[in-house]
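Sequential numbering from 1 applies to the sequence shown in the UniProt record's numbering.
Just so you know, not all the hints are guaranteed correct.
[To be verified] If you anchor each label on the Cβ, the simulated ranges turn out as follows:
1) PRO89 - ALA196: 31 to 41 Å
2) GLU120 - PRO94: 15 to 25 Å
3) GLY107 - THR173: 35 to 45 Å
4) VAL161 - ASP190: 22 to 32 Å
If you're looking for bench data, these hints aren't it; they were derived computationally from the structure. This one's a predicted model, so the numbers in the text were calculated from it and none came from an experiment. All C-beta atoms in this analysis are idealised placements derived from N, C-alpha and C, irrespective of residue type, glycine included.
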Amino acid sequence: MSIICRLLLSGYCRRTRVHEPLSTHDNTDLTRSTRSLHCAGARLWWGRTAFDPADSWRSACVAAGVEGANVILRNSCGEVLLFLRDDKPDIPFPNTWALPGGHVEPGETPLQCLLREIAEELGIDLDPNTVSPLCSRRRPWGMIEHTFTTVLDLDLDLIEVTEGQGLAWFGPTEIAEMALGFEENDMLADFFAADAAR
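All chains should be built: construct the whole structure from the sequences, respecting the hints.
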């Protein structure tokens with residue numbers, strides 16, 4: 001058993017602080033390769049959200065090699081769109097705000113997954129030419145997560161969500177004070193810091 005597996009099973013979390021871009025792929029042919037996921041800046045963290053092998057959804061992610069895709073969807077004011085997850089005890093991170101996205105289906109690229117999930121859950125057809133890959137990360141629970149960015153002004157009053165409890169725009173300061181679903185705070189903090197430095 002590798003040292004990472006032993007550390008995960010003993011309760012440590014693996015988290016990447018350096019988010020590698022998917023710049024080697026274009027948006028129409030984003031492959032499912034995970035070879036770029038071994039970040040030089042990977043660290044082991046204690047206690048944030050301990051990996052619990054008894055936690056069924058986390059164990060399923062590890063066993064199945066699950067991949068997901070989400071999007072940092074910003075408006076022209078620089079706010080990020082988050083959705084409030086359903087308050088069901090049998091789903092991961094119930095009743096928390098999270099980035100829109102979902103699981104990659106067999107035969108799907110991460111970009112195709114993202115476009116499908118946003119269309120299904122928000123009724124929005126994103127233009128794939130306006131969506132840019134940001135990073136891929138292996139999450140503490142084993143899932144490979146592909147994050148994209150885009151800018152789009154939406155009137156949230158006109159959107160009917162088919163999953164979750166609702167949508168809202170949040171600025172960097174508000175997001176920094178929230179405990180986001182799927183532990184996205186560090187990645188978003190890095191994103192906002194890089195954006196401010198431009």
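Results for each hint:
1. Take PRO89 and ALA196: their Cβ atoms lie about 38 Å apart, and the range 31 to 41 Å holds.
2. Our hint of 15 to 25 Å for GLU120 and PRO94 holds, since their Cβ atoms are close to 20 Å apart.
3. Under the hint 35 to 45 Å, the C-beta atoms of GLY107 and THR173, about 41 Å apart, fit the expected range.
4. At about 27 Å, the CB distance of VAL161 to ASP190 agrees with the hint of 22 to 32 Å.
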